[in-house]
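Listed in order, the protein sequences are those of chains Z and C.
Residue numbers for the first sequence follow this note's numbering, beginning at 1 and rising by one.
Residue numbers for the second sequence follow this note's numbering, beginning at 1 and rising by one.
For the record, the hints were derived by calculation from the structure and aren't laboratory data.
The beta carbon of each residue, even a glycine, is placed where N, CA and C say it ideally should be.
Among the hints, erroneous ones may be present.
[Stated by the list, open to error] The calculated label-pair distances, taken between Cβ atoms and stated as ranges, are: (1) Glu212(C) with Asp115(Z): 50 to 56 Å; (2) Leu73(Z) with Val218(C): 47 to 53 Å; (3) Tyr135(C) with Pro117(Z): 50 to 56 Å.
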Amino acid sequence: MEQSQSYMIQAEGLSKRFGERLAVDDVSFAIEKGEIMGFLGPNAAGKTTTMKMLTCFYPPTEGTAKVNGCDILEDSFGVRRSIGYMPENVPLYMDMTVEEFLNFVARAKAMAHLDIPRAINKTLERCSLEGVRDQLIRTISRGYKQRVGLAQAIINEPPVLILDEPTVGLDPEQIKNFRELIKSLGGKSTIILSTHILSEVSLTCNRVCIIDHGQIIAVDDTDNLEHQTNVRLEIFAPNPERFIEAAAQLKEVGPVECEGQSQLPESEHPLLKFVVRDIRDRVGAHRALFSLAAAQGWEIYSLHDERVTLEDAFIRLINKHQEMGGKK
Amino acid sequence: MGAIFYREMKAYFSSLLAWSLIAAFLAVVGFFMLLGMMQYAEISASAMQGAMPYNINTYFIPSMSNGIGLFLMFFMPLLTMRIFAEDKRSGMLDLLFTYPLSDWAIVLGKFWATMVVVALMLAFSSLSYIFLSVYCTVEWPIVLSGYLSLLLMGASMAAIGLFTSSLSSSQLVASALNYGALLLMWLLYIPDSRDAVYTALFGKLSIMSHTESLLKGVLNAQDIIYYLAVTIFFLYLTVCFIESRKWRG
Numbered sequence: 001m002e003q004s005q006s007y008m009i010q011a012e013g014l015s016k017r018f019g020e021r022l023a024v025d026d027v028s029f030a031i032e033k034g035e036i037m038g039f040l041g042p043n044a045a046g047k048t049t050t051m052k053m054l055t056c057f058y059p060p061t062e063g064t065a066k067v068n069g070c071d072i073l074e075d076s077f078g079v080r081r082s083i084g085y086m087p088e089n090v091p092l093y094m095d096m097t098v099e100e101f102l103n104f105v106a107r108a109k110a111m112a113h114l115d116i117p118r119a120i121n122k123t124l125e126r127c128s129l130e131g132v133r134d135q136l137i138r139t140i141s142r143g144y145k146q147r148v149g150l151a152q153a154i155i156n157e158p159p160v161l162i163l164d165e166p167t168v169g170l171d172p173e174q175i176k177n178f179r180e181l182i183k184s185l186g187g188k189s190t191i192i193l194s195t196h197i198l199s200e201v202s203l204t205c206n207r208v209c210i211i212d213h214g215q216i217i218a219v220d221d222t223d224n225l226e227h228q229t230n231v232r233l234e235i236f237a238p239n240p241e242r243f244i245e246a247a248a249q250l251k252e253v254g255p256v257e258c259e260g261q262s263q264l265p266e267s268e269h270p271l272l273k274f275v276v277r278d279i280r281d282r283v284g285a286h287r288a289l290f291s292l293a294a295a296q297g298w299e300i301y302s303l304h305d306e307r308v309t310l311e312d313a314f315i316r317l318i319n320k321h322q323e324m325g326g327k328k
Numbered sequence: 001m002g003a004i005f006y007r008e009m010k011a012y013f014s015s016l017l018a019w020s021l022i023a024a025f026l027a028v029v030g031f032f033m034l035l036g037m038m039q040y041a042e043i044s045a046s047a048m049q050g051a052m053p054y055n056i057n058t059y060f061i062p063s064m065s066n067g068i069g070l071f072l073m074f075f076m077p078l079l080t081m082r083i084f085a086e087d088k089r090s091g092m093l094d095l096l097f098t099y100p101l102s103d104w105a106i107v108l109g110k111f112w113a114t115m116v117v118v119a120l121m122l123a124f125s126s127l128s129y130i131f132l133s134v135y136c137t138v139e140w141p142i143v144l145s146g147y148l149s150l151l152l153m154g155a156s157m158a159a160i161g162l163f164t165s166s167l168s169s170s171q172l173v174a175s176a177l178n179y180g181a182l183l184l185m186w187l188l189y190i191p192d193s194r195d196a197v198y199t200a201l202f203g204k205l206s207i208m209s210h211t212e213s214l215l216k217g218v219l220n221a222q223d224i225i226y227y228l229a230v231t232i233f234f235l236y237l238t239v240c241f242i243e244s245r246k247w248r249g
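Work out the full structure: start from the sequences and follow the hints.
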């Protein structure tokens, strides 16, 4: 019980089925207060569906979730009061001015009438929208529309923000500003942000949740995923199986993959090329690999580190997941 | 509800939609009244010779109100077709569902805003009676009872329009469904029907058959209840339909 209270968002076994298609499959995660969590996944992975369930747009087929202590099935109003949601493609009322629209949103979110003018001014300032406050939304640029979309989510300063692909369709300069803005909201608000752009996650999020085919395939700190190292190793050894077997005994290194071999005239053993993945302690890993080679009488031809980018981690996780046939 | 009402009022009045519909409606009603007046003048002139008293309050006013009701039927779908379809198409409706607003608040906010436009249309059309009262004695209770009937009929039509608009994200489809529904409900009323069974079964369901006594100035609880029931029924259907997102796959 104590544990569950420190989480701002807690999903347990969320599933959503549309007819035959299982869009979200048994998804569980927990997000602490003030965290910025990135939902990362290819298109149609189930990101939007998961978010829509958290906003009480539709209920899950199975499972449930708590947002700010309110259950999405039992206390839909409590949840909806706690969240600010920015949907994909940002729908807005085109025939209203920016200020009128925010006024409408503030009233729809049941803010006290006296607080509304101040909240509008503050939100316009935070989203740098003062210059267009009296313009019809139809006439403002895409970047401004996107900001109005964020403004409607944050106007009542909700403890939870759910942003669905917030930077799609912006130019690089706008994306940069937008990310700064989102980052500045973190800490105070708990944010879920979905994207299929990897750099976005490493630039804005503390944690990342990789989703594919409706399933979570990894949840980790962005730093952890990024700061892993791979070691590329070329070694003269009798055959790949022997090396993989021996390397599997080492606790310092992760999975080992053979990437090819060639026979050089200088050596009786073939030259095997390996990539050793997921190394956290580089020095330890190097040491272990050298000792292994020495003990077996194999010669190391070359060994170098290679930083893992989020791209690599992502693509490898997705591929691994798909090879396993999406399990279950 | 207040927020949705505010938004819909902006949508009706900051675009030309409400104003142009009100203007077109008034032009049609005005011309219709002019024709009616000319006809009435002719009939009463010939009636004078036969010494049969024709009264403006029993002849002219009810048939005018009846005509206004018919025109209302043609204008209402134009007024309500966008009310849900537009929000559905833009995705705004999905966003509204994530605000702390109940489905009833959304439906009623839109309904009351539509009723304001209907009330304005009717209020402006009543100016004709004020001009008429300069030339003859208008029995105001009959006029008011006629307008009560029109307002109730307008509410029923607005509720039906809200429902058909919630069914589709295309305004054209919504208006087609709405015209279909209204014209069918109108045709159910065949005043000369000799078939008692038919009249008993369907006649009472018609949206026009309940105006008769109201137009003559007779406040009949049955008729008032009919309109309120139709209004509430269709508003309820609308709420049910927008709630169906929660269980439809």
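Q. Checking against the hints above, which ones are violated?
A. none
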